[in-house]
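So the sequence lines, in the order shown, correspond to chains A and B.
Note that my numbering has the first sequence beginning at 1, numbered continuously upward.
Note that my numbering has the second sequence beginning at 325, numbered continuously upward.
Worth flagging that the hints you see were computed from the coordinates, not collected in a lab.
Any given hint could be a false lead.
Label pairs and their computed distance ranges (CB to CB) [to be verified]: (1) A:Gly134 x B:Gly371: 39 to 47 Å; (2) B:Gly371 x A:Thr27: 47 to 55 Å; (3) B:Asn328 x A:Ala226: 49 to 57 Å.
Partner residues are not named here, just some residues of chain B that face chain A (Cβ under 7 Å, in silico) [what the hints assert, rightly or not]: (4) Ala377; (5) Ser418; (6) Ala427; (7) Asp431; (8) Val435; (9) Tyr445; (10) Pro598; (11) Val599.
Which bits of chain B does chain A cover? Going by a derived footprint, with three or more residues having C-beta under 8 Å, they are [stated by the list, open to error]: (12) 341-347; (13) 367-375; (14) 389-395.
Owing to the predicted nature of the structure, the values given are computational and were not obtained by experimental measurement.
We put the CB at the ideal spot given by N, CA and C, even for glycine.
There are 2 protein chains.
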Amino acid sequence: MADNVTIITVARRAQVSRQTVSNVLNTPHLVREETRERVRRAIEELGYRANQAARQVRTGRSQTLAVRIEPTRDGINSLVLDRFLHGLTVAAASVGYRVMLYAAADDDAEVATYADLLAAYDLDAFVLTDTHHGDIRTSWLAERGVPFVTFGRPWGAPESHPWVDVDGAAGTAAATRRLLDIGHERIGFLGWPPGNAVGDDRRAGWASTVGPEFADLSRFTADDVAEGEAAARDLLSIPDAPTALVCASDSLAAGAFAATRGTGVAVIGFDDTPVAGVLGLTSVAQPLTEAAARCMDLLTGVLDGGITPEPVLLQPTLVIRESA
Amino acid sequence: MADNVTIITVARRAQVSRQTVSNVLNTPHLVREETRERVRRAIEELGYRANQAARQVRTGRSQTLAVRIEPTRDGINSLVLDRFLHGLTVAAASVGYRVMLYAAADDDAEVATYADLLAAYDLDAFVLTDTHHGDIRTSWLAERGVPFVTFGRPWGAPESHPWVDVDGAAGTAAATRRLLDIGHERIGFLGWPPGNAVGDDRRAGWASTVGPEFADLSRFTADDVAEGEAAARDLLSIPDAPTALVCASDSLAAGAFAATRGTGVAVIGFDDTPVAGVLGLTSVAQPLTEAAARCMDLLTGVLDGGITPEPVLLQPTLVIRESA
DNA sequence: TGCGATGATTGGATCGTTCAAGTTGTGTGA
DNA sequence: TCACACAACTTGAACGATCCAATCATCGCA
C-alpha cells in the first residue's frame with residue numbers, strides 16, 4: 001500500500017522540520033504548544049506511525065522483549081505459559097513494547113541463541129520462565145549486562161536479578177488450612193522428587209502447616225497422572241491413612257482423584273488448569289495476568305530507570321470446587 | 325558489549341568492500357569462491373550477524389510474522405494455540421522469519437490494530453487462527469494486499485486465500501468408524517449449536533458415517549463440561565439410546581464421560597487435550613506442528629514467489645485410550 | 001591490436017529516524 | 001545600547017544495511 005507517510009510527509013504538512021515532528025513524539029516539552037497541536041493534527045490526518053525499524057537503527061533500542069515458547073512439556077501445565085504470554089503481550093503493548101518468540105530445545109540451546117538474537121534484533125530484554133537450581137541462563141545474561149526478568153525465583157543462586165514469582169508454599173499452606181477448616185485432621189502430600197526447587201517449596205507449605213509429626217504422610221513421584229494415582233493408592237493403604245491430599249500439580253491431583261473416587265477423600269491440586277475444572281478439583285490458582293504485568297513493570301524499571309527493582313512475590317488464591 | 329561488528333568491520337577484515345560482504349550474504353553466486361570464503365571466515369571470526377533493523381529500513385521487509393495470542397477462551401481448547409505457536413516459531417526460524425505476538429479483544433479490535441502494526445513494524449505477513457463465517461479480518465487484509473495465511477478454512481467466503489486446515493469431518497468420521505469397528509451400532513453425537521462452521525463440519529463427519537437414519541441421535545450445547553454432561557444424560561435417557569458418543573470437543577467429551585461413568589457407554593473427544601489424557605479419553609488429534617509448518621510453507625510461497633499456493637487440508641489421527 | 005561481452009568488485013545514494021550542533025528571535029539586566 | 005541567556009526551531013550527520021550505476025580485469029574473437 002505504498003506507505004509513504006514518513007516523518008517528512010508530516011513535517012511538510014505541518015510546515016515544520018523533521019526534527020520538530022520527532023520532538024513532538026519524543027520530547028514534547030521542547031515544542032511550543034501551538035506548534036505541537038499543529039503537528040499532532042498532521043499526524044492524525046495522515047495516519048502517520050513512526051517506523052520502528054528506522055528508530056531502532058538510530059537508537060539501538062528495539063522496544064522488543066523476547067520470550068521462549070516451550071514445546072508442550074508434560075501436557076497439563078504448559079497451559080500456564082499460554083496465559084502468561086497473553087498477559088505479557090498486553091502489558092508490553094501498553095507501554096510501547098512488543099513480544100517476540102523464540103524456541104529452544106533446552107537451556108544450552110537457549111543460551112546458544114542469545115548471542116544471535118541480541119546481535120540480529122537488538123532485543124531490549126528477555127523474560128525467562130521456569131527458573132531452576134543452577135540455571136545457566138541467568139548467569140549468562142547477567143554477565144553480559146543484558147536486561148532480563150524471570151518469572152520464577154533465582155532458586156539458590158547467589159546473584160540477584162529482578163524477578164516475579166508466585167508463593168507456592170503459601171498456596172499449599174492455604175490448601176492445607178482449607179482442609180483443616182473443613183474438618184480433616186490427617187492431611188497427606190503428593191509431590192515431585194526432592195531437588196526440584198518449585199516442588200520443594202510447595203511441599204514446604206504443606207509441611208509447615210501440618211507440622212513435623214505428619215512428615216511420613218507424603219509421597220514423591222514424577223508429574224504424571226498414572227504415577228500420581230499409584231502413589232495416592234500407596235499413601236491411602238497405610239494404617240492411619242490421610243483423609244485428604246494436597247498435590248503439587250493438577251496432574252498428580254488428577255491421579256489422586258482417580259485413586260480416591262468414591263472414598264470421600266478430599267483432594268486439592270495446583271495451577272487451576274482446565275483439568276481441575278473438568279474434574280471439579282479444588283486447586284491453587286496463580287495470578288498469571290498479574291505476574292505478567294509485574295514482569296513488565298520491573299522491566300520498565302530496568303530499561304528506563306536503570307534501577308534494579310525489588311523482586312515481587314505474589315500470592316496465589318484457592319479456587320474451591322467439589323473435591324475439597 | 326559495544327557490539328560494533330557491522331558489515332564494515334567484516335569488510336575491512338576480509339579486505340573487500342561493504343557491498344561484497346552484503347553480496348556474500350544475499351547473492352553469493354555473484355562473488356568469486358575464493359573471496360566468498362575469505363568473507364565467510366571473517367564473518368565467523370568476528371561473530372557478525374546482520375542487523376535486521378537496518379536491513380528492514382532499506383528493504384521494507386521485516387522478516388516478521390504477526391500472530392494474535394488469545395486470552396484463554398473456553399479453557400480446555402486454548403491449549404491448541406500454544407502448540408501451534410511453538411510449531412510456527414520453529415518453522416519460521418528455520419527460514420529466517422520470526423514471530424511477533426499481538427493481543428486483541430475481538431475481531432473488530434484486531435482489524436483496528438492492523439494498520440498500526442503494519443505501519444510501525446513493516447510486518448511481512450499475518451497468521452490468523454479461528455476463522456469463521458463472515459470473518460472481517462480476511463477481507464480487510466485481502467483488500468489491502470497484505471500477505472496472510474489462515475489456520476482454518478475460509479468458511480463460506482467467496483474469495484480465496486492460502487489456508488491450512490485440519491479435516492474435522494474426517495476426524496469425527498474416523499472416530500465413528502472406530503466405534504463401529506469395536507461393535508457399536510447406535511452411535512450418538514454431542515456438538516455445538518449449528519451455525520458454527522467448525523462444529524457443523526465435525527458433525528457432518530459423524531452424520532455421513534452413521535447415515536441419515538440416526539440423525540436424531542445428536543444433541544447441541546455450548547462448549548462446557550456441565551452442559552455436555554446434561555446433554556449426554558438427555559441423549560442416553562431416550563428409548564434405543566446410543567451405546568457410544570462422538571463429541572465435538574474434549575470439553576463435551578469430559579461431560580459425557582462423567583454422565584456415562586459405569587454404564588459402559590463409549591466416548592470419543594476432539595483435540596487430544598491434556599484432559600483427554602487424564603480421563604483416558606480416546607480423542608481426535610490435530611497435527612498442529614505439521615499445520616504450523618505448512619502455514620510457513622504457504623507463506624514463503626506468497627512472500628518469495630509471489631504465487632498463491634494451493635490450500636492444504638491435513639488429516640487428523642485418532643489417539644486410542646480406554647474410553648473407546 | 002582493438003573491441004565488446006562478461007564477471008567481480010566498488011563507491012555513492014538512500015531508507016526513516018534521532019543526535020548534536022547550529023540558527024533565529026525575543027527578553028533581560030547592566 | 002549591547003551582551004547574553006534562553007526558548008523554539010532547523011540543518012547536517014549518522015545509524016547499518018541494500019540498491020544501483022560505475023569501474024576494473026579478463027578473455028575471446030575478428
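Checking hints one by one. Is Tyr445 (chain B) an interface residue toward chain A, by the C-beta closer than 7 Å rule? Cβ of Tyr445 (chain B) sits 6 Å from chain A, so the hint holds.
Whether the CB-CB distance between Gly134 (chain A) and Gly371 (chain B) falls inside 39 to 47 Å: Hint violated: Cβ distance 26 Å, outside 39 to 47 Å.
Was the hint right that Val435 (chain B) lines chain A, CB cutoff 7 Å? violated (15 Å)
According to a criterion of three or more residues whose C-beta lies within less than 8 Å of a C-beta of chain A, is the stretch 341-347 of chain B covered? Coverage by chain A is violated for the stretch 341-347 of chain B (0 residues, Cβ < 8 Å).
With a cut-off of 7 Å, does the beta carbon of Pro598 (chain B) approach a beta carbon of chain A closely enough for the hint to hold? holds (4 Å)
Less than 7 Å between beta-carbons is the criterion; does Ser418 (chain B) satisfy it with respect to chain A? violated (10 Å)
Does Val599 (chain B) pass the interface hint, meaning its C-beta sits closer than 7 Å to a C-beta of chain A? At about 5 Å, which falls below the 7 Å cut-off, the nearest Cβ of chain A leaves the hint on Val599 (chain B) intact, so it holds.
Starting from the range 49 to 57 Å, see whether the pair Asn328 (chain B) and Ala226 (chain A) falls in it by beta-carbon distance. holds (55 Å)
Tell me if the beta carbons of Gly371 (chain B) and Thr27 (chain A) are separated by a distance inside 47 to 55 Å. Violated, since Gly371 (chain B) and Thr27 (chain A) (Cβ atoms, about 35 Å apart) do not stay within the stated range.
Checking C-beta pairs, does the stretch 389-395 of chain B have three or more residues closer than 8 Å to chain A? Since 3 is at least three, the answer is holds.
Return the status of the interface hint for Asp431 (chain B): holds when the least beta-carbon distance to chain A is below 7 Å, violated otherwise. violated (17 Å)
Quick check on the hint: Ala377 (chain B) CB to chain A CB, less than 7 Å? holds (4 Å)
Of the hints listed earlier, those the structure fails to meet are numbers 1, 2, 5, 7, 8 and 12, in rising order.
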